[in-house]
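Those protein sequences? They're chains A and B, same order as listed.
Mapping of the first sequence onto the UniProt record's numbering: position 242 corresponds to residue 242, and the numbering continues sequentially without gaps.
Mapping of the second sequence onto the UniProt record's numbering: position 101 corresponds to residue 101, and the numbering continues sequentially without gaps.
Don't take every hint at face value.
[Unchecked claim] Derived pair list, reagent style DSS-like, types lysine-lysine, alpha-carbon separation capped at 30 Å:
1) Lys178/B x Lys205/A
2) Lys246/A x Lys126/B
3) Lys137/A x Lys51/A
4) Lys65/A x Lys91/A
5) Lys65/A x Lys123/B
6) Lys10/A x Lys65/A
7) Lys241/B x Lys95/A
8) Lys91/A x Lys104/A
Calculated from the structure, these hints are not laboratory results.
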Amino acid sequence: MMNSKTPTYKLNDDDFRQINRRSLFGFQLGWNYERMQGSGYLYTILPQLRKIYGDGTPELKEMMKTHTQFFNTSNFFNTIITGIDLAVEEKEGIKGEETVAGMKAGLMGSFASIGDSIFAALIPAIFGAIAANMATKGNPIGVFIWILAQIAVMVFRWKQLRVAYNEGVALVTTMSHRLAALTNAATIMGVFMVGALVATMINVKFAWAPNVGSVPLDIQNSLDMILPKLLPALIVAGIYWLLGRKHMTSTRAIFIVLIVSVVLSALGLIAKG
Amino acid sequence: MIAWWQIAILTLYAGYQILDELQIYSAMSSPVFAGLVTGLVMGDMRAGLLIGASMQLTVLGVGTFGGASRIDANSGTILATAFSISSGMKPAAAVAAIAVPVASIMIQTDILARFANTFFAHKIDKMVDEYNYKGIERYFIAGALPWALSRMIPVGLALAFGGGFVANLARVLNTSWKWLGDGLATAGAVLPAVGFAILLHYLPVKKHFAYLILGFTVTMLFSTVFGNIQTLGTAVAGVAKTFTTSFNGLSMLAIALIGFAFAAIAYQQSTATNAGGGSGSSDKKPAADEKGEIEDDEL
């Protein structure tokens, strides 16, 4: 059975479909503190490992153990690593073990940071903002626009496995400068959108109207003459500063803002706009 | 009062949304969608969308980076929406009074789920030793249980038994403690600012600050103009019966398209300089042409 050292099995379309299906619907189910996506990585390629090395062989057990080790990357890019990995294993078999283990450890960090910034922060921020903006007017269409965008992302996730398998490690170098340009462009849109959101989505105003002589001074109206939406801009600037303080987490900041807002509202300084 | 079938659907959704977020990430695991679903189930879509939108904006910059737990805005939205509609609490107040506290308590159950899965990881090691392929897959898929249950149990219990408490709370906030009810509503309006500030910390603001000013100013001017026209339109329609035109508010999608145009310009400029071989290493020229197919897949 296991007469030859280098495997003879070639991956076909069904294999790629199976890996993609398992990746898209199962990759992170086993996420745990000890080895994070380790078992997920094995699960994704288990049928292909069995075909490459053959059931019951010591090589298979060796590689199964290799693939349950610590692994954590962006679940939007994981099949790029899988594709490169399988191209190596299919050609070299067990001799490629060190290459594969090193490649996985070397690539997972950089793909994690690019993937998180584009797919876990920027796209949800941009489409989430549009969806939320429409939702405040009672319109659910924005949510469905976002779902369509995510389906496009799924297509991207589906296609990258094949590209990575064909191009191998070379892909990483050719991809890197395009990804850098893309990340830069996406952050521009992100920053622009935050500016737009500050101007529309924070509906508070000054409620304080001190009497000057016998005439009440409408502070909000005076401010509007200088710059509309000045108060929201100041609030965001203040929280931005707060978040930069030591020992500050987003959850703490949320509670501080909650309490301060209740107090200022109770004192009659600010009100919901 | 929340009917049993409403509790059942919402509990199932609470379990589904975390699996969706972990896997296909379809945006059906977003707070605004959670608000939509809960609103529809409870019979008031508008309230659900309002609460969902507030929570969406509050956690805008909070991503799950490197497997860190984050506040569970989805479960918070489900409970706040359900209780707001069933007890008559104002949606804006429900965001601050229910959604935010629930969302932050639920960090603990998230941590519990991630711990519980360590057990299955060790089971998988054993199955690997025994060449038990079915066993590996079975214990891997079983990992979905801690994940789903970590959301379903707290949400289900709260929906089933929390109604009375929240109804009392809502009554007090609407009457004797009105100052607190109004304060919570104001806080609900301010909370999105936290999401924006977190996002700014995450983005290269110093490098792109001009775009921040552009986004703010363009939107502020247009929203003032659109807002005033709407007010005017409503006033005129009240006076003149023949005036039937209705004005819509500012379209956020249009603003996003302006932002997209800026981003596209920047992208073209940076790839153009790279392809010209102006910056850095030598072998960049062929790379730019060969890679057409990948660029098409994105955005």
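Verification of the supplied hints:
Using a Cα cut-off of 30 Å, the hinted pair lysine 178/B and lysine 205/A holds, with the two alpha carbons roughly 19 Å apart. Of the pairs offered as hints, the one joining lysine 246/A and lysine 126/B is violated, with about 44 Å between alpha carbons and a cut-off of 30 Å exceeded. Taking the CA atoms of lysine 137/A and lysine 51/A, the gap is about 55 Å. The hint is violated against a cut of 30 Å. Between lysine 65/A and lysine 91/A the CA atoms are separated by roughly 19 Å; this keeps the pair inside 30 Å, and the hint holds.
Under the criterion of a C-alpha separation no larger than 30 Å, the hint pairing lysine 65/A with lysine 123/B is consistent with the structure, at around 13 Å. Distance hint between lysine 10/A and lysine 65/A is fulfilled; the C-alpha atoms sit about 22 Å from each other, no more than 30 Å. Taking the CA atoms of lysine 241/B and lysine 95/A, the gap is about 84 Å. The hint is violated against a cut of 30 Å. With a C-alpha separation of about 17 Å, the suggested pair lysine 91/A and lysine 104/A falls inside the 30 Å cut-off, and the hint holds.
Hints 2, 3 and 7 from the list above are not met by this structure, while the remaining hints are.
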